[in-house]
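If you read the sequences in order, they're chains A and B.
So in my numbering, the last one in the first sequence is 730, and the numbering has no gaps at all.
So in my numbering, the last one in the second sequence is 957, and the numbering has no gaps at all.
Note that these hints are calculated values from the structure, not bench results.
Quick reminder that beta carbons are idealized off the backbone N, C-alpha and C, glycines included.
Hints are supplied without guarantee of correctness; some may be wrong.
With the Cβ distance kept under 8 Å, some of the chain B side facing chain A (calculated, not the full set) [unchecked claim]:
{"no.": "1", "residue": "VAL749"}
{"no.": "2", "residue": "LYS752"}
{"no.": "3", "residue": "GLY779"}
{"no.": "4", "residue": "ASN834"}
{"no.": "5", "residue": "HIS867"}
{"no.": "6", "residue": "TYR939"}
{"no.": "7", "residue": "GLU943"}
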Amino acid sequence: MEVNENIALEHGLNKSEYKKICDLLKRTPNITELGIFSAMWNEHCSYKSSRLHLKNLPTKGKKVIQGPGENAGVVDIDDDDAIVFKIESHNHPSFIEPYQGAATGVGGIMRDVFTMGARPIANLNSIHFGSPQNKKTKNLLRGVVQGIGGYGNCIGVPTIGGQTSFDECYNGNILVNAMTLGLVKKNKIFYSKAVGINKPVIYVGSKTGRDGIHGASMASAVFDDKIEEKKPTVQVGDPFTEKLLLEACLELMAGDSIISIQDMGAAGLTSSSIEMASKGKLGIEINLNKVPCRESNMTPYEIMLSESQERMLIVLENGKEEEAKKIFDKWNLDFSIIGKTTNSKKIELFYDQKKVTEIPINALVENSPMYDRKWKKTKLPKKNKFNKDNFQNLKIENILNKLLSSPNICNKEWIWQQYDHTVMGDTILKPGSDSGIVRIHGTDKAVAATVDSSAAYCFAHPLTGGKQVVCESWRNLIAVGANPIAITNCLNFGNPEKNVNMGEFVECVQGIGEASKYLNFPVVSGNVSFYNETKDKGIKPTPAIGGVGLLKNYKDMITMDFKKSGNVVLVIGKTEGSLDQSIFAREILNIKNGPPPEINLFNEKNNGETVLNLIKKKLIISAHDVSLGGIIVAITKMCIRGNKGIEIGKTNQLINQFQYMFSEDQGRYIVEIGKDNYKEVKKVLDKSSVHYDELGVVLEKDIIIDDKTKLSIDDLRESNNKWLKSYMDN
Amino acid sequence: MNSSVIIFPGSNCDRDMDVALKKFGFKNKMLWHNDTELPKSDLVVLPGGFSYGDYLRCGSMASKSRIIDSVIKFAKSGGLLLGICNGFQILTETELLPGALLRNKYSKFICQNVFVKINNSDNKYFKNIKKNVLELHIAHNEGNFFCSNDQMKEINDNNQIAINYCNQNGEINDIFNPNGAIKNIAGLLNKQKNILGMMPHPERMIDSYLSGEDGSIFFENLMGNLK
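Taking the hints into account, I'd like the entire structure generated from these sequences.
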């Protein structure tokens, strides 16, 4: 097929990009070459709209072994151990085919982690759906949850946490972000950089089929009415093969035969081979007839662009081929020597003894387009004035019941009970907690992990929202007693070619950067998903932050359930009473404008470090961060989990009780402390100038507010549990 | 005491079982599905997971694996053979135990704690356990035990039901049946009571920081009964 501009446009390239390709090659590309360019230059692989802004993120720190740019980030967790982790989106495929889209999302992120030599020890996910009333929502949710479970459960990696939200902005574009943590010895980390010429290039894993061709291009375009036609571009997952691939790779990695290794993810063999060569400043030569194919008569174009799952590319030391092949034979996986490294600095492909592709690597990588897209700043919205009229006829118990059973606050057990969260025998804090925790097998250490996002805040003011998500992640780690180490981010946004969407991206990233820098909580890996837009309607900006922290001794873990009646309950951090963008304002008062709660990074850091200090002194018995729904929702969850009650005394007199209970002011925690320790706790808090309120005293049962309102824990639990189950089962 | 855990491609609870057996004093060996000889063992375990991907019926491929002949020989000569979760499915597929494990009634994977009541304690697995009701953990998609009326009659006549799903007070009824299993069957013995298949995972409940500690009771007791 003769390539021309129209064919280039069909591949998602624009006119100037096509011209640039012809200039770089000094000729017209053939169809295989055009396919390779389009795969490497699409938004998903090239980060052409985001690169300019991402480079401002703080990525270094004492604990950072590997920042962004590799398959995943790596952080030091003391001794010889390191944690490899990353989050990645699989939004577009999951909307088209929820089960396979979500399943292969989980498979892909796990491969990114074990490519680096790490055994996956925990999975998490952040999933977002349209309004529950939307007719597609239920099936999408069911399919995504089954897909995530179907893959993770089969591999035998526990899913220890996650987040689910509903908002009509996701009606046409759901979000499925999957995160994996793996454990590796510091001296056994594997990278993708190829070193040395004439080294054999090995293909292992599943055979290559026609599935997923142009998957990465699909993820780089908006949806229209014809999305159903894109079903063939969704890959199909095979968790059993991935399990074999995982065990085989780890077995090979125990020796010293691997020079570099890279999984075939987005854009398959194309991006994996080019990335390895590019990082090593080498060339690569591949004989496409040697690639194991599942279907007959596959063309070079199809082989290079297939996104078949469960495949890896390895550069081996010379002479190690037999040893390596034995391992893959044992696990019944394909093993084929498909090429070698060269000093040509080109990718050269052969098929039926003919050279079918010759492209300089730097044309594909260094010369890939980078855009400084136009973007629009979002002004900080004006605050709403709340007065007594707003709260007339409102009763705390009614609102509380309504919020507890609302889609975004309700108990998500229906979801996480479908994920195996206990396999591997080290999960000590399950989903539904501030963070999930797994022990580092055979040691006293444990890692905590959480995924968070706040689209409402990011939509109202991206800069503040970006900061807030990082702070929330940090708080969720501290609340379980973990020292926050680093984050990974999954940046889900609309169309970058629209200045409003691009502005949301730029300012969220700026906010993420500011907060992570201030909190010394660097970004070590991540992924950008643009074009979450259907028929001109984009999603709210939804950066998801995956945070990881360390507990030196897992026995020091803190949980949120109230433990003992008579204990004192404090609110750490100041309650200003700002209601704008709170779920109370949005869903009860129906006020949807206004700014998100302010972020004061100094207080955030000071409050968090002080709570950690109290935990280290063993003065805190239970803890929970205050987020969606404010103080009252936070303490209700602590009551439900501990099957205890609380008597709340006269609270802050300066602001209205509704503002006190429902505001979502940041940097706050609820903690339970022993009566006898109160004095010492006060001393620590005063010394650090941390604001705190005495909220009340733990009771055997019931929440009692001001002697007037009495709420039964069983009723509140029922409210919290019922919605999702009845929604899904009806 | 010597134990052996069989690893099939796709097994994923093999390590957890190894950890648990060692913790309670077994000298454990891991065997590969392509091995043919069983080492001398006082207990052989078929662990949980998705053997061969479970793409055919769960456990059916494993029931035709190379190692399985020696496992069957071992069990038929009276050796203790324990199948957990996928291991239970393999036991029904090899017909060492009657019945079959179907898809859960609500077509969902279920990972949660359950209570089980010990029905038959006249065997090496449950003899001497002081509690009647244990809190254990399940994680499966196909745990809905089913069998024919004739098989059920035989199961009852031989008192083969090991444990039933129940509530914490030991009441057995539909509400406490997580997967639709006939008669709330969570674990089943063969006639000779040396083979036990069960859906719950005792190996996931062996210290207070995990889902619970009743798994420790199971292993400690088993070790005690073997000594």
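Verification of the hints:
no.	hint	result
1	VAL749	holds (6 Å)
2	LYS752	violated (11 Å)
3	GLY779	holds (6 Å)
4	ASN834	violated (10 Å)
5	HIS867	holds (6 Å)
6	TYR939	holds (4 Å)
7	GLU943	violated (13 Å)
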